[in-house]
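Chemist: With chain F fixed as given, assemble chain D onto it according to the hints.
Spelled out from the first residue to the last, the chains are:
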Amino acid sequence: MTALPAATRSGSGYWLASMVSMLRWQLTSLRLVFPVLLVVQVLIAAGFTVGIGLFFDEVPAPVALFLSTGASVITLITVGIVVAPQLIADEKASGTYDFTWSLPCPRSAAVAAWVVVNAVVAIPSMVAALAVGSWRYGLSFQVNWRVATAVALVLTCASLIGYALAHGIPNPNLTQILAQVFAFTIFGFTPINYPIDNLPGWLASLHRLLPFYHMGVVVRDGLTSGLVGEIAVSYLTLGAWTLIVGGITARALRQRR
Amino acid sequence: MTGWTFRAQNVNKSYDGGKTLANRDVSITIEPGEVYGLLGPNGAGKSTFVKQIIGMLAPDTGTITLGDYDLVADPDAARQLCSYLPQAPMPIDSFKTTEAIRLTGAIRGGDPPAIAARAESMIEALQIGEWRQILGAKLSGGVKRLVGFVMVTVVPGRVVILDEPTNDVDPLRRRLLWREVRRLGELGAAVFLVTHNVLEAEKAVDRLGIITDGRLIAEGTPSSLKVADRGQLRLQLMLVPGTSTPELPEMVDQPTRVGNNLVGVIPEEKAPDAIAWAQAQMALGIAEEYALGATTLEDVYIRLTGHTSAETEVVA
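Taken in order, these protein sequences are the chains called F and D. With the numbering used here applied, the first sequence corresponds to residues 1 to 257, in that order. With the numbering used here applied, the second sequence corresponds to residues 1 to 316, in that order.
Chain F with its partners taken away, still in its complex shape (with noise of 0.2 Å):
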C-alpha cells in the first residue's frame, strides 16, 4: 500500500539524502550534454593558455606560468558564471523549468548540488589548461593543499554568482545576455591572464575590491610558488563575497512573483 506523506521531512540526513539525489538528476540531465560541455571547455582552456602565447617569440618561463595558471583560473570562472546560467535559462525559455523547481528538495542542497555540477564541469578543464601549459611551455608546478581550498573557494563563488543570476532573472534571453557580458569581461578586462598592475590605476582599484582578481590569486598560491603575495588579503575578500553572494541567492531563491 502506497502511503502519503504523514509530515514534512526536515534535519540533515533529510538535507544531505535531497542533495545527493538532485546531484543526480542534475547529472543526468546534463547527460547528452555533458561531453560536448567538456570537450569545449576543455579546447577554451587549452586554446587561452596556448594561443596568447603565440603573440610571443618566445615566451618567458614565469609568463607562461602566469598564462597556464590564469588559463585554469578562467575556466573555473566562466563555467560557474557563464555556462551554468545558460543552462539554466534554457529550462527556462523550454518550460522545463516548472517541474525542476517545484521539486521537494531544499533550495540549498538544490544550490550545493549545482556547485558540484560545475566543479565536475570545470576541474578537468583546469586540469588541461595545466596539462597543456606544461607541454607547451615545459612548466613544472608546485602544487600545495590550499589548492583545494582556493578551487572550492572560487566555485563556489562563480557558481553563487551565476545561480543568483540564472533564477533572480525571470526573462532567460536576458540571463544569456548577461552571461555574455561577464564572458567578455573576464576575459578581457579582468587581470587574471595578466598582472594587475599592467591595468589603469582606477580599474585596478576597483579589481581589488572585486572577487574576480583574487579567484586569480588564491588559485595560483595553489599551483605555484612564489609567484602571488598578499593571499590573505585575498582569501578574506573571496570568502566576503561568498557570502555575499550567497546571500544574494538565498533571496533570489525566495523570491516569488
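Hints listed in this document are in silico derivations from the structure and should not be mistaken for laboratory results. Since the structure is predicted, the reported quantities are computational estimates derived from the model, not experimental observations. You can take every hint at face value.
Just a few of them, taken from the derived set where beta-carbon distance is under 10 Å, the chain F residues facing chain D:
| hint | residue |
| --- | --- |
| 1 | 2 |
| 2 | 4 |
| 3 | 7 |
| 4 | 14 |
| 5 | 21 |
| 6 | 24 |
| 7 | 29 |
| 8 | 32 |
| 9 | 98 |
| 10 | 103 |
| 11 | 106 |
| 12 | 107 |
| 13 | 255 |
| 14 | 256 |
Covered by chain F, according to a simulated footprint, are these stretches of chain D (three or more residues, beta-carbon under 8 Å):
| hint | region |
| --- | --- |
| 15 | 48-56 |
| 16 | 108-117 |
| 17 | 155-163 |
Cβ coordinates follow ideal geometry from the N, Cα and C atoms, glycine included.
Modeler: For chain D alone, coordinates are given in the frame of chain F:
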C-alpha cells in the same frame, strides 16, 4: 494534525502591478480522497492558481492551507506535501523512463524498493512498458506525458496537482490514465485536476469548479451543474465540409460551430421540430448526419463561459 483538507480562501493574484487580475477571490476546498476538476478556457487563471499552491507564485491576498500547514508561508512544505505535474514539458530528454521515475521518487523521499514496485505497477497499468529503457528525447509527446504522470505520483503527495495531464495522450491510454487518477483518490490524496477537456473531466471528477476571467463562477458535482439544463436536449449537426452555417431556428440556444460540427441546445418539447429541421438540412445537402441527446457538461460549460472546450475542437 487534524486532517488533510486542502483549503484555498479568497485567493487574489494580479500581474503587471495590479493591471491584470489573474485570480479574483478564488476559494476552493478539497477533501482527502476527492478528485476535483478546475475547468476554464485558456487564460482563465487556472495555472496561476495552482502555481500558488506549489509556492511558485505568491498570492496578493488570501490563504492556502493543507491541514495545519500554511502553504503560502511555507513553500518548502508545499513542495513536499504536493505533487505537481506542470502543463509544460517534462525535462527528461536525457533520462530513461525508469530512471526518471525512480529518481523523482527518491527526491520525493520514497523508499527505493517501494518506488520500484509502484513504478512497475503504474508502468503496467498505463501500458508504457515498451518504453522502459528508452531515453526521454526519443519518446512521443503522449508517452512523455504519461511518464511525467508516473514521475510525480510514484510517491504521491497529500495533494496531487495535474495540469492538463491528458495532453497528447492517445484515447486508450487516456482512459487508463483516468483510472490511475481515481486510484490516487482511493489512496487518500486530494487530486486537483486542471483541464479544459470538459467531457473527460466529467467522468473523472467528484466535483468541479468552472473558472473564467480569474473568478470561480460555478462549483458542484457534474450532475448538480447540469441541473439548470434539465428539460433540454443537445442537438448536434455534422455539416457537409465546405458548407456555410445554415440559418438556425429560434429554438436552438447556445449554437457553436467548431470545424463542421454544429452544436446547440433545444427545449425537450421541441424535439420533433428539431428532428424535422435536421432532416431537412440533410435533404438539402447541408448536413451529413445529426444526433439528439442529453445535454453534457460541455453545454453547461459553454453556457457559463461562452467558450467551447478544446476537446470539441479536436473532435471536429
